[in-house]
Amino acid sequence: MLQLDHLTHAQGDFRLTADWSANPGDRIAVIGPSGAGKSTLLAVIAGFLAPTGGAVRWKGHDLGPVAPGQRPVTILFQDQNLFPHLTVAQNLGLGLRPDLRLSPAEQARVEEALARVGLAGLGQRKPAQLSGGQAGRAALARALLRARPVLLLDEPFAALGPALRAEMLALVREVADQTGALVLMVTHDPEDARALGGETVFVGDGRANPPVETGTLLANPPQALQDYLGRK
Amino acid sequence: MALGLALALLALVLALVLAVAWRGTGLALGPADWAAVRFSLVQAGLSALVSTVLAIPVARALARRRFPGRGALITLMGAPFLLPAVVAVLGLLAIFGRSGLLNRGLEALGLPTVSIYGLHGVVLAHVFLNLPLAVRMILQGWLAIPSERLRLAGSLGFGPSEVFRHLEAPMLREVLPGALVVIMVVCLTSFAVVLTLGGGPAATTIELAIYQAVRFDFDLGRAAGLAGVQLAIGGVAALAAWGLYRPTGFGAGLDRRLEVAAPAGWRLWGDGLVLGAVTLFLTLPLLAVLLRGLPGLAELPAQVLPAALRSVLVALVSTVIATALALTLALESARRPRGLIEAAVTLPLATSGLVLGTGLFLLVQPLATPMVLALPVTVLVNTALSLPYLYRVLLPETRALQADYGRLAESLSLSGWSRLRWLVLPRLARPLGFGAGLAAALSMGDLGVIALFAGEGQATLPLVVGQLAGAYRMEAAAAAALLLVTLSFALFWAFDAGGRRAAA
Numbered sequence: 027m028l029q030l031d032h033l034t035h036a037q038g039d040f041r042l043t044a045d046w047s048a049n050p051g052d053r054i055a056v057i058g059p060s061g062a063g064k065s066t067l068l069a070v071i072a073g074f075l076a077p078t079g080g081a082v083r084w085k086g087h088d089l090g091p092v093a094p095g096q097r098p099v100t101i102l103f104q105d106q107n108l109f110p111h112l113t114v115a116q117n118l119g120l121g122l123r124p125d126l127r128l129s130p131a132e133q134a135r136v137e138e139a140l141a142r143v144g145l146a147g148l149g150q151r152k153p154a155q156l157s158g159g160q161a162g163r164a165a166l167a168r169a170l171l172r173a174r175p176v177l178l179l180d181e182p183f184a185a186l187g188p189a190l191r192a193e194m195l196a197l198v199r200e201v202a203d204q205t206g207a208l209v210l211m212v213t214h215d216p217e218d219a220r221a222l223g224g225e226t227v228f229v230g231d232g233r234a235n236p237p238v239e240t241g242t243l244l245a246n247p248p249q250a251l252q253d254y255l256g257r258k
Numbered sequence: 004m005a006l007g008l009a010l011a012l013l014a015l016v017l018a019l020v021l022a023v024a025w026r027g028t029g030l031a032l033g034p035a036d037w038a039a040v041r042f043s044l045v046q047a048g049l050s051a052l053v054s055t056v057l058a059i060p061v062a063r064a065l066a067r068r069r070f071p072g073r074g075a076l077i078t079l080m081g082a083p084f085l086l087p088a089v090v091a092v093l094g095l096l097a098i099f100g101r102s103g104l105l106n107r108g109l110e111a112l113g114l115p116t117v118s119i120y121g122l123h124g125v126v127l128a129h130v131f132l133n134l135p136l137a138v139r140m141i142l143q144g145w146l147a148i149p150s151e152r153l154r155l156a157g158s159l160g161f162g163p164s165e166v167f168r169h170l171e172a173p174m175l176r177e178v179l180p181g182a183l184v185v186i187m188v189v190c191l192t193s194f195a196v197v198l199t200l201g202g203g204p205a206a207t208t209i210e211l212a213i214y215q216a217v218r219f220d221f222d223l224g225r226a227a228g229l230a231g232v233q234l235a236i237g238g239v240a241a242l243a244a245w246g247l248y249r250p251t252g253f254g255a256g257l258d259r260r261l262e263v264a265a266p267a268g269w270r271l272w273g274d275g276l277v278l279g280a281v282t283l284f285l286t287l288p289l290l291a292v293l294l295r296g297l298p299g300l301a302e303l304p305a306q307v308l309p310a311a312l313r314s315v316l317v318a319l320v321s322t323v324i325a326t327a328l329a330l331t332l333a334l335e336s337a338r339r340p341r342g343l344i345e346a347a348v349t350l351p352l353a354t355s356g357l358v359l360g361t362g363l364f365l366l367v368q369p370l371a372t373p374m375v376l377a378l379p380v381t382v383l384v385n386t387a388l389s390l391p392y393l394y395r396v397l398l399p400e401t402r403a404l405q406a407d408y409g410r411l412a413e414s415l416s417l418s419g420w421s422r423l424r425w426l427v428l429p430r431l432a433r434p435l436g437f438g439a440g441l442a443a444a445l446s447m448g449d450l451g452v453i454a455l456f457a458g459e460g461q462a463t464l465p466l467v468v469g470q471l472a473g474a475y476r477m478e479a480a481a482a483a484a485l486l487l488v489t490l491s492f493a494l495f496w497a498f499d500a501g502g503r504r505a506a507a
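Chains A and B, in that order, are what the protein sequence lines are. Position in the first sequence (from 1) plus 26 gives the number in our numbering. Position in the second sequence (from 1) plus 3 gives the number in our numbering.
The shape of chain A in the complex, shown without the other chains (with noise of 0.2 Å):
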């Protein structure tokens, strides 16, 4: 179970709390006005922001002291998931082994994640070869690869287009299936939210509030929530 206790980041004027928890398997969709503090959330899950009071748990051990390769999460960026003067499979690799030194087995699993997302024969091409769903899968195949238990998507695939995006959602909810992940993904469109289909968490006026199911949250929304999406 991760664990937001008592959360809080604060730097300069800008402030941050949450106070909530998530299971294993859970998908949560992260949404709000930009510069609200979405992707604050995720760096200091993810490991790059430290709290600034309370503590990110999981299965009750504080993740405070632990570096951020060795958290139970993969976390895909809004760009530069990929090395680009590295291979796609050696971009792959390296969610296994960070020295590269792979056995065969290893890679044969590597082979198999690029096959899962669709990539198959595409190992060897540089990132730069890549499409932008392409890129979109490979990162995903990596996080497959990881297997880590959380999995952050800090809106990797804003830049896609609607049917592009429709399709990395999808490929999400397979990797989250498969790997049994908790999912927390930061979007600023309500229509991603509810196909990622499960909660959403509305982070507003420096709050990131506990995760509601989705559709309720979006048949019913609070004012601050009515003011992002523009409804009356």
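If you are wondering where the hints come from, they were derived from the structure by calculation, not from laboratory data. Each hint can be trusted.
Think about it this way: if two alpha-carbon atoms lie no more than 25 Å apart in a straight line, the pair counts; the simulated SDA-like pairs of lysine to any residue are:
| id | chain 1 | residue 1 | chain 2 | residue 2 |
| --- | --- | --- | --- | --- |
| 1 | A | 152 | A | 111 |
| 2 | A | 152 | A | 142 |
| 3 | A | 152 | B | 503 |
| 4 | A | 152 | A | 104 |
| 5 | A | 152 | B | 505 |
| 6 | A | 152 | B | 502 |
| 7 | A | 152 | B | 422 |
| 8 | A | 85 | A | 238 |
| 9 | A | 85 | A | 51 |
| 10 | A | 152 | B | 506 |
| 11 | A | 152 | B | 432 |
| 12 | A | 152 | B | 433 |
| 13 | A | 152 | B | 423 |
| 14 | A | 152 | B | 406 |
| 15 | A | 152 | B | 403 |
| 16 | A | 85 | A | 69 |
| 17 | A | 152 | B | 427 |
To give an idea of the interface, some chain A residues facing chain B are shown, with a C-beta separation under 7 Å as derived from the structure:
| id | residue |
| --- | --- |
| 18 | 101 |
| 19 | 106 |
| 20 | 120 |
| 21 | 125 |
Computed far set for chain B versus chain A, every beta-carbon distance over 12 Å:
| id | residue |
| --- | --- |
| 22 | 102 |
| 23 | 114 |
| 24 | 145 |
| 25 | 203 |
| 26 | 399 |
We put the CB at the ideal spot given by N, CA and C, even for glycine.
For chain A, the structure is supplied; the task is to place chain B on it using the hints.
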């Protein structure tokens, strides 16, 4: 680990500086010493002023004209930074020296000949070495004028004089102080030029006076006193320069489309004349070295080849150390800015080869004969002196690397050797190659500390060139100089091309 390295470096340089200060303070410097201080300041100030003023029309011509060979000319402007000073001096001697091209022309016309020795000769050589640097810095300023501003000027019907008044003059006011101070720092610590073209009571710099105090009078106290003065002046100037210096890059964005039609008429001829003159001024001396040196290559004096081998070894070892050190410090600094690291890489700028050399001399002397340690000491000093440049080349790159891939690497636990192997080296191969090339060429061509320490059979190639020239064996000196310049550029090219290839 990076902090430990920075600390060790800082301790080393500080120990040398303190050794100098400890022996040097309280010593009364004589009138000859103060004359050296005055001459140092005068020649450096004049050199900086002349280089910068002459560079303005050259940079303007390069900024507003497009012609075949323009790119080559701009590249040529980058070369003197890598050119060993002794080679430049030799080339200038061939043109302006006693039996040089100029004086033979004057003789043929029945006119009195001129001498290159003394203040004007020192300034001439410094202008030769630094005019290109000034041109590049000012050209950068010209090309940084936003094109919208130029378009606006065009739409308002500005002529060349209005463009100068409203656009170019404000830019020059920003760029020129930096160029002046940077060149002044370079000239303050110049040694090879003054050793050859200066000398005597009227034209001795502090560096030269230190050298003479150690080498001829063996008066270490006086050397330390002079080194202390040099340190104080160099420290003030280096701090000023560090604040004003903008790295000029090598060639990026120098081909912007012209927004305003370049003025025709006499200004076109003027620009042509300026570019022609500067090309001649920069290439003729080198051509002279080439022509004079080629025949001598077949029968190089016996000491040349061993000296070349020593120089290459010294250059390679100090390059490897300096590059590893600069990379470690730049990586750490990109992760978290640290005052300690900045201090450690800036301090060497305030010193000079002879100041560090004097410090080492003072430290080593009670334990061993300094001459025994000539080559290790040269490696050490070259490492320290090339570190600031390398660090400055690498820092923007390590910062970009950290900003772009720092979090991704952390999220994948990419650290230590794996991070170096799979992220840092491949991403930074290009700047690493370029920086290492710079360090290698600087180290290869440097004539400084080795002049203090070298005993029998320890001379490096620049020193041998200087010795041959000093003995008026000009053909042999030119041949050795040719070898030196070839090796310097070859080392630079090898590292730079290696970096490019690894990055590709």
